[in-house]
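Participant: With the hints as extra help, turn the sequences into a complete structure.
Using UniProt numbering, the first residue of the sequence shown is number 1, and each one after it goes up by one.
Possibly wrong hints are sitting among the right ones.
[To be verified] Across the chosen pairs, the derived CB separations fall in these ranges: (1) Leu21 - Ser41: 27 to 33 angstroms; (2) Val46 - Asp14: 41 to 47 angstroms; (3) Asn10 - Met33: 42 to 48 angstroms; (4) Asn10 - Leu50: 55 to 61 angstroms; (5) Leu47 - Asp8: 50 to 56 angstroms.
[Claimed, not checked] Straight-line alpha carbon distances no greater than 25 angstroms define the calculated SDA-like cross-link-like pairs of lysine to any residue that follow: (6) Lys39 - Cys25; (7) Lys17 - Thr38; (8) Lys17 - Phe28; (9) Lys37 - Leu50; (10) Lys17 - Lys37.
Please keep in mind that the hints were generated in silico from the structure rather than gathered at the bench.
The C-beta atom is built at its ideal place from N, Cα and C for all residues, glycine as well.
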Amino acid sequence: TIIECGCDINMMIDLAKVADLVSHCSAFLECCMENIKTKKSIIWAVLLQL
1 TIIECGCDIN MMIDLAKVAD LVSHCSAFLE CCMENIKTKK SIIWAVLLQL
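Facilitator: In structure tokens form, the structure reads like this:
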């Protein structure tokens with residue numbers, strides 16, 4: 001049962017909330033990572049031209 005696993009209902013609800021947040025954040029993080037990659041490549045392009 002759930003109790004044997006060391007989880008309770010509140011924990012399950014929290015996990016559901018976390019999973020929901022993660023699914024929202026992951027799209028945001030992917031966007032951030034893309035921005036960081038493009039910024040890095042721009043910085044490298046600038047540095048290489050110096």
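Participant: Given the hinted pair Lys17 and Lys37, is their alpha-carbon gap at most 25 angstroms?
Facilitator: Between Lys17 and Lys37 the Cα gap is close to 30 angstroms, so the pair fails against 25 angstroms, i.e. violated.
Participant: Holds or violated: are the alpha carbons of Lys39 and Cys25 at most 25 angstroms from each other?
Facilitator: Holds: Lys39 and Cys25 sit about 21 angstroms apart, inside 25 angstroms.
Participant: Mind checking the alpha carbons of Lys37 and Leu50 for me, to see if they're no more than 25 angstroms apart?
Facilitator: Holds, because 20 angstroms separates the two Cα atoms, which is no more than 25 angstroms.
Participant: If I claimed the Cβ atoms of Asn10 and Leu50 lie 55 to 61 angstroms apart, would that claim hold in this structure?
Facilitator: holds (57 angstroms)
Participant: State, for the Cβ atoms of Leu47 and Asp8, whether the hinted interval 50 to 56 angstroms holds or is violated.
Facilitator: holds (54 angstroms)
Participant: Is Lys17 close enough to Phe28, meaning Cα to Cα at most 25 angstroms?
Facilitator: holds (17 angstroms)
Participant: Starting from the hint 42 to 48 angstroms, judge whether the C-beta atoms of Asn10 and Met33 obey it.
Facilitator: With a Cβ separation near 33 angstroms, Asn10 and Met33 fall outside 42 to 48 angstroms, so the hint is violated.
Participant: State, for the Cβ atoms of Leu21 and Ser41, whether the hinted interval 27 to 33 angstroms holds or is violated.
Facilitator: Given range 27 to 33 angstroms: holds, Cβ gap about 30 angstroms.
Participant: For the pair we were handed, Lys17 and Thr38, check the Cα-Cα distance against 25 angstroms.
Facilitator: violated (32 angstroms)
Participant: Given the hint of 41 to 47 angstroms, check if Val46 and Asp14 actually sit that far apart at their C-beta atoms.
Facilitator: Roughly 45 angstroms apart at Cβ, these two residues keep to the hinted range, so it holds.
In the structure shown, a violation is registered for the earlier hints numbered 3, 7 and 10, in ascending order.
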